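> If you read the protein sequences in the order shown, they are chains A and B. Under this note's numbering, read the first sequence as residues 1 to 334, first letter to last. Under this note's numbering, read the second sequence as residues 1001 to 1346, first letter to last.
What the hints contain is simulated information worked out from the structure, not anything from laboratory work. Predicted model only: the values in this text are computed from it and were never measured. Each residue gets a CB set at the ideal place from its N, CA and C atoms; glycine is no exception. Take these hints with a grain of salt, some might be off.
[Claimed, not checked] When the alpha-carbon atoms are kept at most 30 Å apart in a straight line, the in silico DSS-like pairs for lysine-lysine are as follows:
(1) B:K1285 with B:K1274
(2) A:K44 with B:K1278
(3) B:K1274 with A:K44
(4) B:K1295 with B:K1285
(5) B:K1027 with B:K1295
(6) B:K1274 with B:K1252
[Said to hold, decoys possible] Some chain A residues flagged as far from chain B (calculated, every beta-carbon gap over 10 Å):
(7) Y201
(8) A235
(9) P251
(10) R329
(11) R330
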Amino acid sequence: MTMVQALNSALDVMLARDPDILIFGEDVGYFGGVFRVTDGLQQKYGAPRCFDAPIAEGGIIATAIGMGAYGLRPVVEIQFADYILPAFDQLASEAARLRYRSNGEFWAPITVRAPYGGGIFGGQTHSQSPEALFAHVCGLKTVIPSNPFDAKGLLIAAIECDDPVIFLEPKRLYHGPFDGHPEQATRSWAGHPAAEVPEGYYNVPLGAAAIVRSGHDATVLAYGTMVHVALAGIAESGIDAELIDLRSLVPLDIDTIMASVQKTGRCVILHEASRFGGFGAELSALVQERCFYHLESPILRVTGWDTPYPHAFEWDYFPGPARLAAALRRVMED
Amino acid sequence: MARKPASASPPASATLHPPVPQRHGAKVEEMLEFYRQMVLIRRFEERAGQLYGLGLIGGFCHLYIGQEAVVVGMQSAITPGKDSVITGYRDHGHMLALGIDPNVVMAELTGRAAGISRGKGGSMHMFSVEHGFFGGHGIVGAQVSLGTGLAFKHKYAGDGGVCLAYFGDGASNQGQVYECFNMAELWKLPIIYVIENNQYAMGASINRASAEDQLYRRGESFRIPGIQVDGMDVLAVRGAATAALEWVRGGKGPIILEMKTYRYRGHSMSDPAKYRSKEEVQSMKDNRDPIDHLKAELLDHGVTEDQLRVIDKDIRALVTKSAEFAEQSPEPDVSELYTDVLVGQY
Ligand SMILES: Cc1ncc(C[n+]2csc(CCOP(=O)(O)OP(=O)(O)O)c2C)c(N)n1
Ligand SMILES: [Mg+2]
Chain A
1 MTMVQALNSA LDVMLARDPD ILIFGEDVGY FGGVFRVTDG LQQKYGAPRC FDAPIAEGGI
61 IATAIGMGAY GLRPVVEIQF ADYILPAFDQ LASEAARLRY RSNGEFWAPI TVRAPYGGGI
121 FGGQTHSQSP EALFAHVCGL KTVIPSNPFD AKGLLIAAIE CDDPVIFLEP KRLYHGPFDG
181 HPEQATRSWA GHPAAEVPEG YYNVPLGAAA IVRSGHDATV LAYGTMVHVA LAGIAESGID
241 AELIDLRSLV PLDIDTIMAS VQKTGRCVIL HEASRFGGFG AELSALVQER CFYHLESPIL
301 RVTGWDTPYP HAFEWDYFPG PARLAAALRR VMED
Chain B
1001 MARKPASASP PASATLHPPV PQRHGAKVEE MLEFYRQMVL IRRFEERAGQ LYGLGLIGGF
1061 CHLYIGQEAV VVGMQSAITP GKDSVITGYR DHGHMLALGI DPNVVMAELT GRAAGISRGK
1121 GGSMHMFSVE HGFFGGHGIV GAQVSLGTGL AFKHKYAGDG GVCLAYFGDG ASNQGQVYEC
1181 FNMAELWKLP IIYVIENNQY AMGASINRAS AEDQLYRRGE SFRIPGIQVD GMDVLAVRGA
1241 ATAALEWVRG GKGPIILEMK TYRYRGHSMS DPAKYRSKEE VQSMKDNRDP IDHLKAELLD
1301 HGVTEDQLRV IDKDIRALVT KSAEFAEQSP EPDVSELYTD VLVGQY
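Extracted from the complex, chain B is given alone in its bound form:
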């Protein structure tokens, strides 16, 4: 049998897209809650930075400052426990936005027995079954594939849940990401791939590391739709989350949300910051700050400075308490060294 002649023009892309997301029309109450969560993350991270400086936190510690709107906007749209969340090592904000107690997060950073991983995981490796938080992973890219497996479980169990798998612009170049994109679309898995594009992977700016730097398009050859989102605007993020969740919960398979965001601090605590200018960072802080942005909007909506000050004060108290808790908790007992290597005793 003869081959069919090639058609004159290539077939149009078969990728289906959800409607363009609308910026979330939040009520004041809800906006205040977003504000509270973003301020909590910011103050928590600032304090973690201080404890690191004092030598109370050792090793690696990656702060989320600047990126707060992403996690707060996304996670306000899901049901903790029903939906699952997984991310990389820059994970403190993801936990706080899930409502995990700041005390046990801070105590994990200081490596104490009361820490959420009993001191054995540290800043990069934290988990909470109760909140559907599957970590905290130090190996760049691993969480994307693990998350794909989580999504498989949601589908298999028919529990209506969705996985949010967060990863960075740098992680988006790992090979395993694409193996899993293919599987996720092939099997129509309920997963939202949230790319936190803060424009740098350590010292490598996105355009020095990525041939396609429009990361929302990274799923195209797998027919996974993608949306680029202003990740410095919590209401834009929330709007995109709503659209993406509708798509995914509707059984249409995975979707990519590329969050354009920015980290203010170094990659980790030891970062000579030679790869970007002070002016660039300052201009982001001055013009694009997600908290300032929302604050201005709240004031426009008639919220008073005093109301916000009360929130700020409560948060400071909460964070101070978590730092005290983390400093005062005892170190884990050495007998813990050998627990949880395998089931039972190794």
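Excised from the complex, chain A in its bound form:
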């Protein structure tokens, strides 16, 4: 399955299992979603369970929180992660805080799916990676898959989770892996081991990272599209690096990260979002706090630049494999 099909399958499986689950968002019902993730679900489950909402992100997420607090389990789609911001107040002030301030009596078991990230020439309003904004808000979980198998399993886990989950989908990976080489022909998921996706129910627990490549000399931390870029960058560097796909940022699998960095003594963090105050800063601080005496070189970050996502310069902005390879060589010099 492609990632789009895997996500669709997760929604399909969950709609069938639990009548309290419903899906809504802009163009998700009749039209099947601009990226086709909800294709066919309205036909199969009917409009009461998969329906269109007007363009009103604040209202969409706020009503989902209300539905969630009263026992439903809504899965909403925000068409692009860039459009979540009108609903940020609802997420930060309501969804994230309801459990705490009601002393555990109410909570919002909602899942907010949103395609994120660049590499599709979307310019500044269709390319951003806002994960750090959500990871910073206590009371939210933030999950980012990097392949079809995980996408389905993590989405099911997110829907089943009683906390609000921000589920960011790397749109550049919807139809195939992308390793940061735009000049090469686009690849499809066909034949990729992680494209073997079971039809039925399974989940991938939130908070468990995956070791995508084991290695001895350095640890690379990545998620989403950057997992594939990291594989290419590691190959180009010729360095025997271990690659960890975080899969979920909150909760974070710090044990897997620590075990790896304590083994390798070096760490490079890769993300597409801009650098200053990005999630890499948190990772870097955690690794430093917990692995300081194992570190043999400074932790490096390879990230998007501290600018809005430009319309021109897509590939100058996008942190590609060459930049990761250069960082790996640098950490090996110390």
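Based on the hints, put chain B with the ligands in the right spot on chain A.
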């Protein structure tokens, strides 16, 4: 003190309305200019579509084809530079109708250094201080509120200017629109909210997304008057613009013009068009086309086919030149990546 008893019938609506607008009685010269501008927008957009197909334009690109009469009729009534204009991402037509050079618009679409935003904004994000054009905005609905702020400045400065804030039927469901409607009426701001109701927001037809689909009534609870206009008839649009401008310039506060229009092409360049029938689109093109409409009227007024052909030819040349310009201009220098993030260096 006892409460006053409720009156038997609710008070009548306090919304005041301008007189019903008259279709603009244009002279032939003026009609020819409208024709020229509409054809310019149409040919420009067709060419942009081709450049997109050739891979010269990347990402998102929303064409204005079918809606030309709205912008041409509205903007013929304002003074560029004195009045301000703001819109969403479907913005090429708004710029051309303000007299902005097609070359720098096309070069922005192709992401080149000579583009009006030096390649950093792209199709959806273009601006021109000189022409009072405040963008080009990718976030649906944002321009409505930004425009309300522009109108505030006109009033504060007493410069006699008016803001035209354009937005779609889909955008009219964003919450921030109503926050600003209230402020605009409360503060009697000089703004015309132009709703370009092309009946679809991406794949969502208006009646699947809007409880009140008569969008000119969307200001009623704020006492903002609204007028529904045939947005496929440039002279009807111009007539409504004149009436609305008189109202707003007279200090009576904001007004809503709902333009009933239609987009011929997909929402953006990647649109499977499964949400409406080919027949529906074809029937609009055949029966309601704003350019055909005006052309017929011009011929009735004694203008010859030859005269129109000259205009068509000039426009084609202009558009071809803009495409060549956009293809030949160099890409921006990477050092531009870090300019204009903040004042000075970040
Ligand atoms: C806040 C926000 N939500 C969603 C989108 C995605 N989006 C872009 S255009 C559009 C449809 C808007 O329709 P309408 O306002 O009718 O304008 P039209 O495209 O018809 O000109 C949507 C949903 C966006 N750009 N911004
Ligand atoms: Mg519309």
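> Provide an ascending list of the numbers of those earlier hints which the structure does not satisfy.
Hint 6 contradicted; others consistent.
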